[in-house]
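Construct all of the structure, not just a fragment, from the sequences and the given hints.
Chains A and B supply the protein sequences, listed in that same order.
The first sequence maps to residues 0 to 111 in numbering that gives the first Met the number 0.
The second sequence maps to residues 0 to 111 in numbering that gives the first Met the number 0.
Mixed in with the good hints, there may be bad ones.
Given that identical chains are not distinguished, each listed pair holds provided it fits within a single copy or across any two copies.
As the list claims (entries may be wrong) - Here are the simulated DSS-like cross-link-like pairs (lysine-lysine), alpha carbons at most 27 Å apart as the crow flies:
hint : residue 1 : residue 2
1    : K48       : K86
2    : K71       : K48
3    : K71       : K86
These aren't lab readings, by the way, just hints derived from the structure by calculation.
There are 2 protein chains.
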Amino acid sequence: MHGLDAAFSALSDPTRRAILARLAQGEATVTELTEPFEMTQPAISQHLKVLEDAGLIVSRIDGTRRPRRLAKPAIDEIEQWLAMLRKALEQNYNRLDRVLAEMQHPKKGKSR
Amino acid sequence: MHGLDAAFSALSDPTRRAILARLAQGEATVTELTEPFEMTQPAISQHLKVLEDAGLIVSRIDGTRRPRRLAKPAIDEIEQWLAMLRKALEQNYNRLDRVLAEMQHPKKGKSR
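Right under this line is the structure:
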């Protein structure tokens, strides 16, 4: 499965997006995430597993703690895909602008 | 369902992302999309339905044609969500940088 398939699929859940928004502010453990989200620890763990499998978060070991943080490369990949889409969209708009301008002010000597 | 739920879910499929990339270059009908994607027309129509239900594309009626184009507001919404994530991430990095700088060069008169 393409990395973007799993990443976009993981992002389709509002709780997972909220967890990512929280982790963007700094790393947190399952315990630290459980309280603000008012969910059970297994439910949070399941969401973290989906996010980790999709490459959106990574964990590190700190004694008995296992804090999670956002994985910047995955965020970068999503942004790059959107930037490609945006660029094509803008080139298309620019092309339409030129066509419209040409229709309003046809160049001399050009047969229409 | 939140708009972002449906949008990200629709984006999790590689064919649908490719259709969006094609439509970013300009509007196209089902027939025009069927050939480059080497898929059946019903298969393309099904993908277009998912994209339209998610608000990512819109269609217009042009005689017997029904060209689809990208829906800019939905793309804007996704980009805004990612920009929020990116901003939080960078503020977090800046904060870490300050903490590290402070550890290396503690301010005078501040007990540590």
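task: Mind listing which of the numbered hints don't hold for this structure, in increasing order?
output: Hint check: nothing fails, all pass.
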